[in-house]
Amino acid sequence: QQPVQSPQAVILREGEDAVINCSSSKALYSVHWYRQKHGEAPVFLMILLKGGEQKGHEKISASFNEKKQQSSLYLTASQLSYSGTYFCGTGEGGKLIFGQGTELSVKP
Amino acid sequence: DVKVTQSSRYLVKRTGEKVFLECVQDMDHENMFWYRQDPGLGLRLIYFSYDVKMKEKGDIPEGYSVSREKKERFSLILESASTNQTSMYLCASMPGGEETQYFGPGTRLLVL
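Read top to bottom, the protein sequences are chains A and B. Quick note on this note's numbering: the first sequence kicks off at 859 and runs consecutively. Quick note on this note's numbering: the second sequence kicks off at 101 and runs consecutively.
Please note: incorrect hints may appear among the correct ones.
Said to hold, decoys possible - To give a feel for the contact side, a few chain B residues facing chain A, derived at Cβ under 10 Å:
1) L141
2) A192
3) F203
What the hints assert, rightly or not - Covered stretches of chain B (chain A as the covering partner; in silico rule of three or more C-beta atoms under 8 Å from a C-beta of chain A):
4) 115 to 123
5) 128 to 140
6) 149 to 163
Source of the hints: derived by calculation from the structure; they are not laboratory data. Glycine is no exception: its CB is placed at the ideal position from the N, C-alpha and C atoms.
Can you make the complete structure from the sequences, with help from the hints?
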């Protein structure tokens, strides 16, 4: 079953912050975050492998709450280059099950 | 740099045609995947392979088959294309023992 992402879409002004959530009805062992810019391939951002783990990547960070079966991606002081669709993927038996994606648009 | 290439960026086919989508990776990765991407549905796994000649069904295998005769190449086959298979198809590869997937640029398939 696919993890559920929220919100489905978000529009920001440059410099604003955003949070994208990823929730699963099943126990989570790993959560992966990818970003896909329009017309391009999805690109790996980060992986979280254990409960409570937080990771950072420039001004993009993520947390993993095993108990809540949820991960959140934090984008701070957004830049135009952050625009794209963000996917979370949950690890399961050597494969990833992706959420439906969150479309992020950053406007000047 | 890992490179995953797909044979076509755009493809137009007729209903009932047999369609081959090719994916090649140059990093000796054990695992390869085929996804389709549709608006509002995200990336859905069609088939994956963890070794040459091995294949596993993903979440939506109906209407598709795959072939992996060589480690670097993973083909997706639509035996008889239908209009509901119009979609973006993405291939990915992943090294054994890791969990990061590397995606190709995608093939946008239109079935008329």
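Counting residues of the stretch 149 to 163 of chain B that have a beta-carbon nearer than 8 Å to any beta-carbon of chain A, does the count reach 3? holds (count 4)
Annotated coverage of the stretch 128 to 140 of chain B by chain A, confirmed only when three residues or more have a Cβ within 8 Å: Result for this restraint: holds, n = 4.
Quick one, is the A192 of chain B hint okay against chain A at 10 Å, beta carbons? It holds, given that the least Cβ distance between A192 of chain B and chain A is near 8 Å, below 10 Å.
Quick one: see if chain A covers the stretch 115 to 123 of chain B, three-plus residues with Cβ-Cβ under 8 Å. violated (count 0)
Interface restraint verdict for L141 of chain B against chain A (beta-carbon cut-off 10 Å): 6 Å, holds
Measuring from the C-beta of F203 of chain B to each C-beta in chain A, is the shortest one below 10 Å? Constraint on F203 of chain B satisfied, holds at 4 Å.
Consistency with the previously given hints fails for number 4 only.
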